[in-house]
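**Student:** In case you want the letters, here they are:
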Amino acid sequence: MKPFNSWMIGNGNQESLAGRHRKGKAWRNLFVSSLVIGVLSLVVLLFSIVDQTMGWIVVEYKNQPSELSLQPLEALNQDELVGILQDNVTARRFKALNQAIPFTDRSTEDILDLITEEVLQPSVVMSYRLSMGIFNREEMLADAAERYPDAELKFHLWIKPEFLNRPMSSNPLFAGIRPALLGSLFLILITIGFAFPIGIGAAIYLEEYADQRVWFNRVIQANIENLAGVPSIVYGILGLAIFVRALGGITSGSFVGIEGGNGRTILSAGLTMGLLVLPVMIVNAREAIRAVPQSLRLASYGLGATRWQTIWHHVLPSAISGILTGTILTISRAIGETAPLIVVGAATYLTSDPTGPFSKFTALPILIYNWTTRPQEAFRNIAATAILVLLIVLLTLNAAAILLRNRLQNRI
Amino acid sequence: MAEYATTSQIGSKDQLEPNIRQQLTRKKRPGEMMIQVFLLLAGAVSILTTVGIVFELGKESLLFFQTPEVRLWDFLTGTRWSPTIGSFGVLPLVNATLMTTIFAMVVAIPLGLASAIYLSEYASIRVRKILKPLLEILAGIPTVVYGYFALTFVTPILRSILGSDTVQIYNTLSAGLVMGIMILPLISSMSEDALSAVPRSLREAAYGLGATRLETSIKVVLPAALSGIIAAVLLGISRAIGETMIVAIAAGSGPAFTFNPLKSAETMTGYIARISGGDLSYDSADYNSIFAIGLLLFVITLGLNFLSRKLVVRFREVYE
Chain A
0 MKPFNSWMIG
10 NGNQESLAGR
20 HRKGKAWRNL
30 FVSSLVIGVL
40 SLVVLLFSIV
50 DQTMGWIVVE
60 YKNQPSELSL
70 QPLEALNQDE
80 LVGILQDNVT
90 ARRFKALNQA
100 IPFTDRSTED
110 ILDLITEEVL
120 QPSVVMSYRL
130 SMGIFNREEM
140 LADAAERYPD
150 AELKFHLWIK
160 PEFLNRPMSS
170 NPLFAGIRPA
180 LLGSLFLILI
190 TIGFAFPIGI
200 GAAIYLEEYA
210 DQRVWFNRVI
220 QANIENLAGV
230 PSIVYGILGL
240 AIFVRALGGI
250 TSGSFVGIEG
260 GNGRTILSAG
270 LTMGLLVLPV
280 MIVNAREAIR
290 AVPQSLRLAS
300 YGLGATRWQT
310 IWHHVLPSAI
320 SGILTGTILT
330 ISRAIGETAP
340 LIVVGAATYL
350 TSDPTGPFSK
360 FTALPILIYN
370 WTTRPQEAFR
380 NIAATAILVL
390 LIVLLTLNAA
400 AILLRNRLQN
410 RI
Chain B
0 MAEYATTSQI
10 GSKDQLEPNI
20 RQQLTRKKRP
30 GEMMIQVFLL
40 LAGAVSILTT
50 VGIVFELGKE
60 SLLFFQTPEV
70 RLWDFLTGTR
80 WSPTIGSFGV
90 LPLVNATLMT
100 TIFAMVVAIP
110 LGLASAIYLS
120 EYASIRVRKI
130 LKPLLEILAG
140 IPTVVYGYFA
150 LTFVTPILRS
160 ILGSDTVQIY
170 NTLSAGLVMG
180 IMILPLISSM
190 SEDALSAVPR
200 SLREAAYGLG
210 ATRLETSIKV
220 VLPAALSGII
230 AAVLLGISRA
240 IGETMIVAIA
250 AGSGPAFTFN
260 PLKSAETMTG
270 YIARISGGDL
280 SYDSADYNSI
290 FAIGLLLFVI
300 TLGLNFLSRK
310 LVVRFREVYE
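Sequences listed follow chains A and B, in order.
Last residue of the first sequence? That's 411 in numbering that gives the first Met the number 0, and every number before it is there in order.
Last residue of the second sequence? That's 319 in numbering that gives the first Met the number 0, and every number before it is there in order.
There may be inaccurate statements among the hints.
No farther apart than 27 Å at their CA atoms in a straight line, the calculated lysine-lysine pairs in the DSS-like style are these [to be verified]: (1) A:Lys61 / A:Lys153; (2) A:Lys61 / A:Lys159; (3) A:Lys22 / B:Lys131; (4) B:Lys131 / A:Lys24; (5) B:Lys309 / A:Lys24; (6) A:Lys61 / A:Lys24.
Covered by chain A, per the in silico footprint, the following chain B stretches (three or more residues, Cβ under 8 Å) [unchecked claim]: (7) 38 to 45; (8) 55 to 67; (9) 148 to 157; (10) 217 to 223.
Simulated coverage check for chain A against chain B, where a stretch passes if three residues somewhere in it have a Cβ under 8 Å from a Cβ of chain B [to be verified]: (11) 23 to 30; (12) 205 to 214; (13) 295 to 308; (14) 341 to 355; (15) 379 to 392.
Quick caveat, the hints were computed from the structure, so don't treat them as lab data.
All residues carry an ideal CB built from backbone N, CA and C; glycine is no exception.
Whole structure, please, built from the sequences with the hints as guidance.
**Tutor:** As C-alpha cells, then:
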C-alpha cells in the first residue's frame with residue numbers, strides 16, 4: 000500500500016540509488032531554505048525598522064533663523080535668547096513658559112530648544128531612510144535639490160533619549176511617547192493585578208483540588224483551552240459591552256466622585272486585557288505547579304499538614320520561579336496587544352499623562368498604529384522608533400524570563 | 000499513641016464509642032473551606048468569560064437582526080456592505096478575510112512544514128538549538144509591528160515589482176503574505192512537536208528496508224504525524240482569521256467585494272477595529288453590527304480550534 004503522499008517524491012522503486020540520493024539532497028536544500036527564509040524575514044523585518052529610526056530629513060522653517068538675529072543662534076548668550084523669545088511669541092505664551100520653569104532656571108540649550116519649537120517651528124517636508132542616504136546618496140541629494148531647493152537637508156536621529164520623555168505632538172520632530180509608555184505601564188499593572196491572583200488561584204484549583212471525574216471541572220478545563228484560541232478582538236468587544244458600557248458607572252470612576260468621564264478608561268482596558276491573558280496565565284501556572292515533585296506533597300501530608308498548608312508552604316514556594324517566568328511571558332504578550340485596546344476605546348491623541356485607573360489612556364502599540372496609518376513620511380519614522388522601544392522592552396522581559404528559568408533549572 | 004484505637008479494636012463502625020468516632024471524622028476547617036471556595040471561583044471566572052462573550056455577542060446580534068433593514072438571509076448572502084444606505088451584506092468582509100487567510104496559509108504551510116521537517120528529521124541538536132529560538136522570536140513580535148512591516152516595506156516592494164498602477168497602497172496580498180510570516184513559527188513548532196512524537200522505531204524500520212532519509216521523512220514520518228500537522232494548520236487558519244492589526248493597517252479600510260488581491264478590501268476584523276476606533280454611539284446599527292460580525296468570527300474560530308484540539312488528542316492517543 001502506498002502512503003497517501005507518495006506523489007510528493009515519486010515512487011523510489013524504479014529509480015537508481017544515486018538518483019534517490021540526489022533527490023534527497025535536493026529536498027534537503029528545499030527544507031533548509033524554507034527555514035532560512037523564515038529567519039531571513041526576521042532579519043529583514045528588524046532591518047526595515049532600524050532603517051527608519053534615523054536618516055536624512057528636509058526641514059522647512061516657519062520663521063528663518065537668519066531673520067531672528069544676525070549671528071547664529073548658538074553664539075548668543077542666554078539673555079539675548081530670552082529676548083528673542085519674548086519678541087516672537089505672544090506675551091501670554093511667554094508668561095506661561097516662564098511660569099512652567101522660570102527662564103533664569105533654564106539652561107541655554109533648553110532655551111534654544113524652546114526657540115526652535117515656539118518661534119522657528121520647523122517641519123519635516125521629506126524624510127529619507129538611512130539605507131537610502133547611504134547607498135543611494137546621489138539620488139537622494141538630486142531629489143531633495145529638485146523638490147525643495149531652498150530647504151535644508153540634514154541628518155536626523157529619531158531615536159534619542161528625549162523621545163521617551165516628551166508628550167505626544169502633532170509635529171513628529173517634537174513628538175514623544177511618555178503618555179503612551181505610562182499608559183502601557185498602568186495597563187500592565189491592572190492586567191497583572193487582575194490576572195495574577197485569579198490565574199494562579201484557578202491553576203491551584205485545577206491542579207491540587209479538582210477531581211477530573213466531576214463534569215464541572217472538566218468543563219472548566221475545556222473552556223480554558225477554548226478561550227486561549229478566541230481572537231483578541233472578540234475580547235475587545237466583550238470589554239466594550241461589559242466594562243465600558245454595562246459597568247460604566249464603576250469603570251468611569253463616577254462612584255468615587257470623578258465626573259464627566261465615560262467607561263473608556265485604563266481600568267476598563269486593564270480588566271479586558273486581564274481576561275484576555277487569563278487562559279495563558281492559568282496554563283503557565285499549571286505547568287509550574289505540575290512540575291513540583293509529588294514527594295514534596297506527600298512528605299508534607301505525612302507530617303500532618305493540611306492541604307492548604309501543603310500548598311502554601313511547599314508547593315507554591317517551589318513553583319514560584321516557574322510561575323513568575325510564565326507571568327513575565329504573559330506580560331510581554333499583553334504589552335504588544337493592540338486590537339482589544341482599539342475596541343475598548345484608547346484615545347488616539349492625548350497630551351496629558353494618565354493619572355490613575357480612571358483616566359483616559361493611550362498605549363504604546365496604539366501610538367504605533369496611529370503613527371503608522373498617517374500618510375506623512377516622518378510619522379513612519381517615529382512609528383519605527385516607537386516600535387524599536389517596544390521591541391527593546393519585550394526583549395528585556397524575555398531575557399529576564401530566560402534568566403529566571405535558568406536559575407530555576409540550576410536549583411533543582 | 001494510646002488514645003487512638005487500632006483496627007482490631009474497632010471492629011465495625013456502629014460499635015464505636017462516641018469519642019473515638021469524633022476522633023475519626025475529619026475535622027471541620029472553615030478557613031480551608033473558604034480558600035477552596037475562592038479557588039473554585041477563580042476557576043469559574045473563565046466560564047463566566049465564555050458566558051459573557053456568548054451572551055453579549057448573542058444579545059447585541061439579536062438587536063442587530065431585529066432592525067428592519069437587516070435580514071439574516073441578506074446578511075449572509077449580500078455582496079454589499081454599506082450601513083449608511085442600509086445594505087448589510089457581510090460577504091465583502093468575509094471574502095477579504097478569506098483572501099488574506101489563503102495568502103497567509105500559502106506562505107505559512109509550505110515554509111512552516113518544511114522548517115519543521117528540517118528541524119525534526121535533519122538538524123543536529125546544536126543547529127536546532129540556534130535556529131528554533133530564532134523562529135520563535137518571530138512568534139513573539141507584536142502584530143502591530145507586522146502591520147507596519149507590511150505597509151512600509153512589503154507593499155512598496157510589491158508596487159515596484161508589479162507597478163504602482165496595478166498595486167494599491169492598501170492591498171490584501173501584502174497583508175496576507177506578512178500574516179503568513181507571522182503564522183509560520185506557530186505551524187512549524189506545532190508540526191515539529193507532532194513529527195518528533197513519532198516513535199523512533201518507525202524510522203528505523205524504514206531505514207532497515209533501505210529507505211533514504213527523505214523517503215523516511217516523507218513516506219513514513221509525515222503520514223504518521225498527519226493529524227498533528229493538520230491540527231497545526233487548522234490553528235494557523237483560525238489565527239489568520241482572527242488577526243486584526245496587520246489587516247487593519249495594510250489591507251485597507253472600506254469594504255469592497257473584489258477578488259483582486261492587489262486592491263484594497265476590508266476584512267471582518269479590520270471592520271470591527273475601524274468602526275470601534277471612531278466615535279461610536281451605543282445601540283446604533285454600527286455598534287450592533289460589530290457584535291454580529293464578532294459573533295461570526297467567534298463561531299468560526301471556535302469551530303476550528305475545537306477541531307484542531309480533537310485532532311491533537313486523537314493523535315496523542317496513538318503514540319503515548
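**Student:** Could you run down the list of hints and mark each one as holding or not?
**Tutor:** Hint-by-hint comparison with the structure:
1. This hinted pair checks out: Lys61 (chain A) and Lys153 (chain A) have alpha carbons roughly 17 Å apart, not beyond 27 Å.
2. This hinted pair checks out: Lys61 (chain A) and Lys159 (chain A) have alpha carbons roughly 24 Å apart, not beyond 27 Å.
3. Distance hint between Lys22 (chain A) and Lys131 (chain B) is fulfilled; the C-alpha atoms sit about 26 Å from each other, no more than 27 Å.
4. For the proposed pair Lys131 (chain B) and Lys24 (chain A), the alpha carbon gap of about 22 Å is at most 27 Å, so the pair holds.
5. A threshold of 27 Å between alpha carbons decides the hint, and for Lys309 (chain B) with Lys24 (chain A) the separation of about 36 Å lies outside it, so the pair is violated.
6. Pair hint Lys61 (chain A) plus Lys24 (chain A) does not hold up; C-alpha atoms about 65 Å apart against a cutoff of 27 Å.
7. Residues of the segment 38 to 45 of chain B with a Cβ under 8 Å from some Cβ of chain A number 8, which satisfies the need for three, so the listed coverage holds.
8. Chain A is given as covering the segment 55 to 67 of chain B, and this holds because 3 residues of the stretch bring a CB closer than 8 Å to a CB of that chain, at least three being needed.
9. Only residues whose C-beta sits within less than 8 Å of a C-beta in chain A count toward coverage, and the segment 148 to 157 of chain B has 4 of them, enough to reach three; the restraint holds.
10. For the segment 217 to 223 of chain B, the stated coverage by chain A holds: 5 residues have a C-beta nearer than 8 Å to a C-beta of that chain, and at least 3 were required.
11. Counting residues of the segment 23 to 30 of chain A whose C-beta sits closer than 8 Å to any C-beta of chain B gives 5, which meets the bar of three, so the coverage hint holds.
12. Evaluation of the coverage hint for the segment 205 to 214 of chain A: fulfilled, as 3 residues show C-beta separations to chain B shorter than 8 Å, against a requirement of three.
13. For the segment 295 to 308 of chain A, the assignment as covered by chain B holds, since 3 residues bring a beta-carbon within under 8 Å of that chain's beta-carbons and 3 suffice.
14. For the segment 341 to 355 of chain A, the proposed coverage by chain B is satisfied: 4 residues have a C-beta within less than 8 Å of a C-beta in that chain, meeting the threshold of three.
15. Counting residues of the segment 379 to 392 of chain A whose beta-carbon sits less than 8 Å from any beta-carbon of chain B gives 6, enough to reach three: the coverage restraint holds.
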